[in-house]
Amino acid sequence: MKQLLVIAVALASVNAFASRARVTALGNSAHLVDTQTVYNNPSDIFRLPSDYVTLETGATGSAPGTASAGKYANAEGMIVRTYGESKFGLSLGHQSQNASAWNGATADAIGLRHLATTLGLTADANIAKTDQQNPLELTYGMKNGDMNLAGTLVYSNFNDKQATAGNVAKESSSGIRLGANSGNWDASLRLGLSNTVEIQTGNKLTGTTAIGLGGGYWMDSMYLFGDYSTAGVKEQNAAGTDQYKLNLSTIKIGALDSIKKDGNELFYSASLVSTSTKDDTSGAKITGMTLPVVIGLELDTNSWMTLRGSVTQTVLINQSKTETSTATTAETDPGKSNTAVAMGVGLKLNKVTLDGSLVANSNTGLINSSALLANAGLTYWF
Amino acid sequence: MFFVRPKGLFVILALFSSPLWASKARMKALNDSFQLVDPSNTYNNLLDIGELSDYVLIETGLTSPTTDQDNAEALWQHTLDENNKIQAGYGHQNSIVYSNRNFINTLSSSSFKLQQNPLHLAYWFQTADYTHAFSIDYSHSSDRVALAQEKSLNLRYAVEMGKWQFNSEYVVTDTAESSATKKFDASRAYKLSLLYDADTTSMMFSFSQSQLHLYDSSVERDLHARQNFTLAVADSRTRDENTFFWGAQILVNKTDCLLTTTALTCDQTATSTKLPLWLAVEAQASDMIVLRGSVVQSFVLNQSKDNVGYPAGLLDNSNGAISKYDFGPNTASVNIGAGFKFSRLTIDGMLSSGTQSINLSSFLTQASLTLAL
Numbered sequence: 003m004k005q006l007l008v009i010a011v012a013l014a015s016v017n018a019f020a021s022r023a024r025v026t027a028l029g030n031s032a033h034l035v036d037t038q039t040v041y042n043n044p045s046d047i048f049r050l051p052s053d054y055v056t057l058e059t060g061a062t063g064s065a066p067g068t069a070s071a072g073k074y075a076n077a078e079g080m081i082v083r084t085y086g087e088s089k090f091g092l093s094l095g096h097q098s099q100n101a102s103a104w105n106g107a108t109a110d111a112i113g114l115r116h117l118a119t120t121l122g123l124t125a126d127a128n129i130a131k132t133d134q135q136n137p138l139e140l141t142y143g144m145k146n147g148d149m150n151l152a153g154t155l156v157y158s159n160f161n162d163k164q165a166t167a168g169n170v171a172k173e174s175s176s177g178i179r180l181g182a183n184s185g186n187w188d189a190s191l192r193l194g195l196s197n198t199v200e201i202q203t204g205n206k207l208t209g210t211t212a213i214g215l216g217g218g219y220w221m222d223s224m225y226l227f228g229d230y231s232t233a234g235v236k237e238q239n240a241a242g243t244d245q246y247k248l249n250l251s252t253i254k255i256g257a258l259d260s261i262k263k264d265g266n267e268l269f270y271s272a273s274l275v276s277t278s279t280k281d282d283t284s285g286a287k288i289t290g291m292t293l294p295v296v297i298g299l300e301l302d303t304n305s306w307m308t309l310r311g312s313v314t315q316t317v318l319i320n321q322s323k324t325e326t327s328t329a330t331t332a333e334t335d336p337g338k339s340n341t342a343v344a345m346g347v348g349l350k351l352n353k354v355t356l357d358g359s360l361v362a363n364s365n366t367g368l369i370n371s372s373a374l375l376a377n378a379g380l381t382y383w384f
Numbered sequence: 434m435f436f437v438r439p440k441g442l443f444v445i446l447a448l449f450s451s452p453l454w455a456s457k458a459r460m461k462a463l464n465d466s467f468q469l470v471d472p473s474n475t476y477n478n479l480l481d482i483g484e485l486s487d488y489v490l491i492e493t494g495l496t497s498p499t500t501d502q503d504n505a506e507a508l509w510q511h512t513l514d515e516n517n518k519i520q521a522g523y524g525h526q527n528s529i530v531y532s533n534r535n536f537i538n539t540l541s542s543s544s545f546k547l548q549q550n551p552l553h554l555a556y557w558f559q560t561a562d563y564t565h566a567f568s569i570d571y572s573h574s575s576d577r578v579a580l581a582q583e584k585s586l587n588l589r590y591a592v593e594m595g596k597w598q599f600n601s602e603y604v605v606t607d608t609a610e611s612s613a614t615k616k617f618d619a620s621r622a623y624k625l626s627l628l629y630d631a632d633t634t635s636m637m638f639s640f641s642q643s644q645l646h647l648y649d650s651s652v653e654r655d656l657h658a659r660q661n662f663t664l665a666v667a668d669s670r671t672r673d674e675n676t677f678f679w680g681a682q683i684l685v686n687k688t689d690c691l692l693t694t695t696a697l698t699c700d701q702t703a704t705s706t707k708l709p710l711w712l713a714v715e716a717q718a719s720d721m722i723v724l725r726g727s728v729v730q731s732f733v734l735n736q737s738k739d740n741v742g743y744p745a746g747l748l749d750n751s752n753g754a755i756s757k758y759d760f761g762p763n764t765a766s767v768n769i770g771a772g773f774k775f776s777r778l779t780i781d782g783m784l785s786s787g788t789q790s791i792n793l794s795s796f797l798t799q800a801s802l803t804l805a806l
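Protein sequence lines correspond, in order, to chains A and B.
Just so we're aligned, residue 3 is where the first sequence starts under this note's numbering, counting upward by one.
Just so we're aligned, residue 434 is where the second sequence starts under this note's numbering, counting upward by one.
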């Protein structure tokens, strides 16, 4: 009974805010339920207040061979509607990290297609600049007793039949995401089925593996979570010789404590993250172990505005080691500073919410009118 | 609010109780969806005059525009009696005229002027069984020293019969000269469209055709023929003054190169077929504010075949070389806008179009002001 009460309180106080800006402002915390977390666990569509249409501002995704605008820089939108006991969803424009060419500075902002270039490996420049093209996602969810189940199909395709030598001729990707939740637990399974970029009479990138398994469990106000993901790509030249064969795996386990009162929330979490990136062709390897701590808060300043923010930093454990097949080329223990602050605001106006980041660049610390609401997102709740 | 096509008593209630959100910014935020009733959309569907109450609309923009979206313009509508309305406007760049002049300017590096001081007059009237609307659009400018001039004359006629609406547009004259020797002529272009309203669902078919001639020293240098077919459907749902709609259309464009002195491969055709799908919402955020937005992306179908090699950006997926795409590059686009109502005055604008920020240094772009009379 106590658990049910806790769950009811937790779910009832979920703000009807939904956006990339919110997730970013709250440090991408594992316990969040948001229109964006649906892309990780589709069953979250049952944990949101109602059906919705969400629009995320940004530029039209880059064309093949043109540098990606980066994580969260693309325009996208999604609709979820209920039909009886089921829900259907359609997403346009969402970029998946394992099939993108994001070229950011942090691990969560580097797309798998660009990873080899980031690591300094020999890779085709145009492959490393090819995002998913016109990605489409279809979601279906159903209730099974107390359990909510949902699945998503991901698809993208591009085919230039007159591509000249050295330019991108084909791009395609497909995947499945499955999610379930019930009461105080949630689980997700993410499978990449295909991930291909072909250069006309040139290199070809092929996804080798892509599996992600995650879940969490609420115990009173504490949320225990874990995630395991592995993804791989290889690139071959026109002769079929491997240029590289990368495999990236991440294991994360953590705990979070959430203090909710009057619709406001303060949370703090710590997680142990182990990462490994290995190139089978050259024998190069990068391993790391970190203990990021996130402190975040989300406060209703009045009936129509919410302010949110978070600070993230690795604490105590911050190891990284880069090795070739013969020597260690870099090793830090502990590593350099990585404190990051994010802030955002959500405006709740009847059935519409408008979210944005207040500090577009945490390095400048400026809230200014030229980028008042960065990463702006508009959500309409039916 | 005029999101779906109100009929009968609902029209009267809507006219007296709703603010007049109106503008290019509103249309753009809602993906220029064909079924929208908006003063800006009367240039596409003259019959919308009958569904709007009297107003004055002022759109901010350039005195010397570079496109058909960045121009300053105004539109006024007045009811003579319950069966007769008139409309007058100036500054509006006709989409067919602009498209053709921009096409030839880009292709041949010419500098033919866009419409100069365009004038628009329309008349709407209804009889027992039918509703009719006519319009005439005219522009003219002549520089007798530089020997540069332009002239355009468009006639439109529309008729409504029950749930069916028919619009026609004929470009009587579309000529421009940029020097003593260079002349452009795209006269006799036309566009026909048929729209059917089934309560919350609207369907539309349209066809347009143009022939573009470029002369140099009285010798024809370029001749291109353009055709467009569009088949569209949209479904709208309104509740508590909030509207959600989705739409899809099949767009087929065909451009024939019949003659050219550029580097193009002529006697060939460029075609494209796309199926954009859009989701849009317009919601009453408060008594004074409405927020609106849309996302659009080509859905499954995004083919193009260019055997001519038209310059990049001129046609769908054209890149300056012969090309063929079975599935073209990214097309996802999000637009967000807002409208602010102050008694009878509304201000509309874009909050974000292709950018990630809402910022105060350009808070409301493509701003417009509408006064409900």
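Keep in mind that the hints were calculated from the coordinates and are not lab data.
Any given hint could turn out to be false.
[Said to hold, decoys possible] In the EDC-like style, the derived pairs of lysine to aspartate or glutamate whose C-alpha atoms are separated by at most 20 Å in a straight line are:
hint	chain 1	residue 1	chain 2	residue 2
1	A	K206	B	D759
2	A	K287	A	D259
3	A	K262	A	D282
4	A	K163	B	D759
5	B	K596	B	D668
6	A	K145	A	D229
Predicted, not measured: the structure shown is a model, and the values here were computed from it.
Violated constraints from the hint list, given by number and in increasing order: 2, 3, 6
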